[in-house]
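J.: Based on these hints, arrange chain B on the given structure of chain A.
2 protein chains.
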Amino acid sequence: MTVRFTSKKPSRRAFLKGTLASTAGVMAGAGAANAAGPDPLITEKQDWAMGTGDGVDETPYGLPIQFEGDVIRRNVEWLTADTISSINFSPIHALDGTITPQGCAFERHHSGAIELRKEDFRLMINGLVDTPLVFTYEDLERFPRVNKTFFLECAANTGMEWAGAQLNGAQFTHGMIHNMEYSGVSLRTLLEEAGVKPEGKWVYVEGADASSNGRSIPIEKALDDCIIAFKANGEALRKEHGYPVRLVVPGWEGNMWVKWVRRIEVKEIAVESREETSKYTDTLEDGTARKWTWVMDAKSVVTSPSPQSPIKHGHGPLVITGLAWSGRGAITRVDVSKDGGKTWETARLANPGQPMALTRFYLDTEWNGEEMYLQSRAMDETGYVQPTKNMLREIRGENSVYHNNCIQTWWVKADGEAENVEVS
Amino acid sequence: MTVRFTSKKPSRRAFLKGTLASTAGVMAGAGAANAAGPDPLITEKQDWAMGTGDGVDETPYGLPIQFEGDVIRRNVEWLTADTISSINFSPIHALDGTITPQGCAFERHHSGAIELRKEDFRLMINGLVDTPLVFTYEDLERFPRVNKTFFLECAANTGMEWAGAQLNGAQFTHGMIHNMEYSGVSLRTLLEEAGVKPEGKWVYVEGADASSNGRSIPIEKALDDCIIAFKANGEALRKEHGYPVRLVVPGWEGNMWVKWVRRIEVKEIAVESREETSKYTDTLEDGTARKWTWVMDAKSVVTSPSPQSPIKHGHGPLVITGLAWSGRGAITRVDVSKDGGKTWETARLANPGQPMALTRFYLDTEWNGEEMYLQSRAMDETGYVQPTKNMLREIRGENSVYHNNCIQTWWVKADGEAENVEVS
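From first to last, the protein sequence lines are chains A and B. If you read the first sequence in UniProt numbering, its first letter stands for residue 1, the second for the next number, and so on. If you read the second sequence in UniProt numbering, its first letter stands for residue 1, the second for the next number, and so on.
Okay, chain A solo, but in the shape it has when bound (with noise of 0.2 Å):
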């Protein structure tokens, strides 16, 4: 058997230029101890091969293995008071696709994650309705399902930039959002059941939770693409996502998934709660606020390289990969800056965007060590471009949490590390 390690003819395929001279030279790595001595194939330890592994009945409800014990949500301790009013950010910096796994998607809670059996759920629909109706879980069950897959965002997600750059990872600047498929039934179905009036205007939708985090909602969004969700990515939803129901709101923000869903009032008028007054409102820089201000608009970020997955290979070929999603519709185009937003390059979309979706793009390119001011810029089919923190700032100052869609800057070094900056 011939391993060669260096010479090699030159690819034949235009855009992998320069990956043969990098993989050679990486394997020269691997290989060169070995050049005259032992099959590459065989490294120190090799158990593996030498005898048998882990029966089936291991693994009941598998976990990942133990490699991989830093892919996990995490928290930031000084962000708030209390961990059950807090959240647990997607290690979206170590993920690749699109699809969220539950175990590591995002939580946000505001009293805490509670236990809700199936047995002891009920959700009401009443107010401004024909029959005020009470759903049992078995109920829900019933009705025609729907399947679709929709990220969530917290509005907050990015708030902390606003003042600058701040956290130092994508999975803390950007990780307030999961994607994952929901099943479940459209509220369109309930609400109909229930009939609702022609005055009926909005809904204001309840939590079970000691909270109850009530949202008010349009009746038009209500009736149009929401789901009464019981599963998602396949399976039951979990304790931390609302399980056993939660509201789906396709493309707005995450705080109007309303979890352990338990009653859905239609009304009138909104009823201006907590969590859409003292919160979830954009103060401008003349201290008056927006309001509703419920859809996601588009954005993107690079998840690699970025502060907590630097280059770690050497000069060559180098995969930049990171998401894109709008609140608008389906991710048309990403571009991506490596000089901090001077010149772009488009990146190509692993798949055609979803509406409401995640995207994945990657740009296929090459690194010999140079700084990058690493950028991406999401454009979606409304035809809306991801603005920059300075656009934002101009028109929204600086006293806002929430809604910032802005154009992320990472710092990649001539080391491969890279830092969270702001470019102006």
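No wet-lab data here; the hints were simulated from the structure. There's no promise every hint is true.
As the list claims (entries may be wrong) - Dumping the calculated SDA-like pairs for lysine to any residue here, alpha-carbon to alpha-carbon at most 20 Å: (1) Lys338(A) - Glu366(A); (2) Lys118(B) - His313(A); (3) Lys118(A) - Gly51(B); (4) Lys338(A) - Pro144(B); (5) Lys312(A) - Glu419(A); (6) Lys267(A) - Glu192(A); (7) Lys338(B) - His313(B); (8) Lys118(A) - Phe67(B); (9) Lys312(A) - Asp225(A); (10) Lys312(B) - Val319(A); (11) Lys291(B) - Glu275(B); (12) Lys118(B) - Lys118(A); (13) Lys118(A) - Leu63(B); (14) Lys342(B) - Glu371(B); (15) Lys291(B) - Arg117(B); (16) Lys118(A) - Lys342(B); (17) Lys201(B) - Thr293(B); (18) Lys338(B) - Asp415(B); (19) Lys118(A) - Glu275(B); (20) Lys118(A) - Gly314(B); (21) Lys312(A) - Arg117(B); (22) Lys118(B) - Val319(A); (23) Lys279(B) - Ala81(B); (24) Lys118(A) - Met50(B); (25) Lys279(B) - Arg290(B).
To be verified - Pair ranges (Cβ atoms, derived): (26) Tyr61(A) - Gln166(B): 21 to 31 Å; (27) Gly416(B) - Ile395(A): 54 to 64 Å; (28) Gly383(B) - Pro352(A): 19 to 29 Å; (29) Glu272(A) - Val421(B): 51 to 61 Å; (30) Trp344(B) - Val76(A): 55 to 65 Å; (31) Thr382(B) - Val76(A): 50 to 60 Å; (32) Lys197(B) - Pro352(A): 31 to 41 Å; (33) Ser85(B) - Glu119(A): 33 to 43 Å; (34) Glu119(A) - Glu272(B): 52 to 62 Å; (35) Gly69(B) - Ala81(A): 26 to 36 Å; (36) Asp339(A) - Asp57(B): 31 to 41 Å; (37) Ser85(B) - Pro352(A): 39 to 49 Å.
Ideal placement from N, C-alpha and C gives every residue a C-beta, glycine not left out.
T.: Relative to the frame of chain A, chain B by itself:
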């Protein structure tokens, strides 16, 4: 607040006809005791609304809630001599949508699930290539990536049913399947990097486990849509699914999706290895065997109601649901029969079928306690129609283990319980 449990004007949606009486009926069950008494929203135990729940520090990697403790992979003890060479079936009877979470996705090993560190991983491409190459995990991450959702089905799925109705539950008859979003590098990219010589007509793919599970794959398929995958549903492959890297062979039998993939040799002829001669061939009535039966033909199964998912609610609206798939392309239609195949109704596909991926179907119907012989029948974009068991037996006899894609029958009794039966 008025909550009415009985009378209610008819629904405006034709296909919900009959829902009302039933929903009211079900609600009467919950509400009857409360009718003159306490608020129907209040059940015995409401701790969840009285106090706070878990903080975000408790779920760095989350697991299903305790109430879903029965939604797990299961093995069948008498099926194999040892659990290291056995099967753990997906709980498809309890899932919805199409994605299978890794934690409950079917696993099959030939010598147990091994623990292979990324640092120790090597992938060699050798044989009839211009330049034999050895890739580290890090090397693979530098090539352009693809993302795609595919089903994996074991060739032996439903194999026990050749001899008649055997295993009582969709998990056991059809649970050797999963459906995940894969991210990785196209095998074509790596083969082109090595340069396949004109005489190279096959690849022989080998895993790092003791069994090695070597399989021969025609070069056309290897250069078509195969993926060297390192992520499934966004995160690293689980140990039991081949961490850190497995081969994805869209639409083809699961045994070819070599786990812990270690070597790919380009060859002029097939190896005719143990896994493709003594196994994974189909013995016909006359004792001769079909071989190279790689593609998984169109198939479907009703997942609910089914033996493990009986009808527990009263008469009236019933959602019949299941999964359909084809290794030859997209599912275009699924029909459901309640009378063992005498008459058929066309089911609703939750979303348009995707090539070589699971498709969820629903039949929104009425059930008034009559016995049903429930069947589903899939059609794919090639025009192929899923056959009955007897049609398959006529051609293939009853000596086979693999490639049983026959129509499955569940006998649903008046009490809602279901059993695996055979109808002729």
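J.: None of the hints should be skipped; say for each whether it holds.
T.: So, going through the hints one by one against the coordinates:
1. In summary, the hint linking lysine 338(A) to glutamate 366(A) is supported, as the alpha carbons are separated by about 11 Å, within the 20 Å threshold.
2. A threshold of 20 Å between alpha carbons decides the hint, and for lysine 118(B) with histidine 313(A) the separation of about 14 Å falls inside it, so the pair holds.
3. About 19 Å separates the Cα atoms of lysine 118(A) and glycine 51(B), which keeps this hinted pair within 20 Å; it holds.
4. Under the criterion of a C-alpha separation no larger than 20 Å, the hint pairing lysine 338(A) with proline 144(B) is consistent with the structure, at around 18 Å.
5. For a cut-off of 20 Å, the pair hint linking lysine 312(A) to glutamate 419(A) stands: about 15 Å separates their Cα positions.
6. A distance of roughly 15 Å separates the Cα atoms of lysine 267(A) and glutamate 192(A); the hinted pair therefore holds under the 20 Å criterion.
7. Proximity of lysine 338(B) to histidine 313(B) is assessed by CA-CA distance (about 18 Å); at most 20 Å being required, the pair is judged to hold.
8. Proximity of lysine 118(A) to phenylalanine 67(B) is assessed by CA-CA distance (about 8 Å); at most 20 Å being required, the pair is judged to hold.
9. This hinted pair does not check out: lysine 312(A) and aspartate 225(A) have alpha carbons roughly 43 Å apart, beyond 20 Å.
10. Annotation: proposed proximity of lysine 312(B) to valine 319(A) is violated, straight-line Cα distance about 51 Å (limit 20 Å).
11. The straight-line distance between the Cα atoms of lysine 291(B) and glutamate 275(B) is roughly 11 Å, inside the 20 Å bound, and the hint therefore holds.
12. Between lysine 118(B) and lysine 118(A) the CA atoms are separated by roughly 41 Å; this puts the pair beyond 20 Å, and the hint is violated.
13. For the proposed pair lysine 118(A) and leucine 63(B), the alpha carbon gap of about 17 Å is at most 20 Å, so the pair holds.
14. Taking the CA atoms of lysine 342(B) and glutamate 371(B), the gap is about 14 Å. The hint holds against a cut of 20 Å.
15. A distance of roughly 35 Å separates the Cα atoms of lysine 291(B) and arginine 117(B); the hinted pair therefore is violated under the 20 Å criterion.
16. Pair hint lysine 118(A) plus lysine 342(B) does not hold up; C-alpha atoms about 37 Å apart against a cutoff of 20 Å.
17. Using a Cα cut-off of 20 Å, the hinted pair lysine 201(B) and threonine 293(B) holds, with the two alpha carbons roughly 17 Å apart.
18. Distance check on the hinted pair: lysine 338(B) and aspartate 415(B) sit about 16 Å apart at the alpha-carbon level, within 20 Å; holds.
19. Straight-line distance between C-alpha atoms of lysine 118(A) and glutamate 275(B) comes to about 45 Å, which puts the hinted pair past the 20 Å bound.
20. Only pairs whose Cα atoms come within 20 Å are accepted, and lysine 118(A) paired with glycine 314(B) is accepted, the gap being roughly 17 Å.
21. The hinted pair formed by lysine 312(A) and arginine 117(B) meets the criterion: a straight-line CA distance of about 17 Å does not exceed 20 Å.
22. Simply put, lysine 118(B) and valine 319(A) have alpha-carbon atoms about 18 Å apart, close enough for the 20 Å limit, and the pair holds.
23. Proximity of lysine 279(B) to alanine 81(B) is assessed by CA-CA distance (about 16 Å); at most 20 Å being required, the pair is judged to hold.
24. For the suggested pair lysine 118(A) and methionine 50(B), the alpha carbons sit about 18 Å apart, so the restraint of at most 20 Å is met.
25. For the suggested pair lysine 279(B) and arginine 290(B), the alpha carbons sit about 11 Å apart, so the restraint of at most 20 Å is met.
26. Tyrosine 61(A) and glutamine 166(B) have their C-beta atoms about 26 Å apart, which keeps the hinted 21 to 31 Å range intact.
27. As the Cβ distance of glycine 416(B) to isoleucine 395(A) is approximately 59 Å, the hint placing it in 54 to 64 Å holds.
28. Here the CB-CB span from glycine 383(B) to proline 352(A) is close to 26 Å, well matched to the stated 19 to 29 Å.
29. Checking the proposed 51 to 61 Å range against glutamate 272(A) and valine 421(B) shows it holds: the Cβ atoms sit about 59 Å from each other.
30. Distance hint check: the CB atoms of tryptophan 344(B) and valine 76(A) are about 56 Å apart, consistent with the given range 55 to 65 Å.
31. Separation of threonine 382(B) from valine 76(A) is about 53 Å and conforms to the stated range, judged on CB atoms against 50 to 60 Å.
32. Roughly 36 Å separates the CB atoms of lysine 197(B) and proline 352(A), a value that falls within the hinted 31 to 41 Å.
33. Between serine 85(B) and glutamate 119(A) the beta carbons are some 40 Å apart, a value that agrees with the proposed interval 33 to 43 Å.
34. At about 56 Å, the CB distance of glutamate 119(A) to glutamate 272(B) agrees with the hint of 52 to 62 Å.
35. Between glycine 69(B) and alanine 81(A) the beta carbons are some 34 Å apart, a value that agrees with the proposed interval 26 to 36 Å.
36. In this structure the supplied range 31 to 41 Å holds for aspartate 339(A) paired with aspartate 57(B), their Cβ-Cβ distance being about 40 Å.
37. Taken as a hint, the range 39 to 49 Å holds for the pair serine 85(B) and proline 352(A), whose Cβ atoms sit roughly 42 Å apart.
Of the numbered hints given earlier, the model fails hints 9, 10, 12, 15, 16, 19; all others are met.
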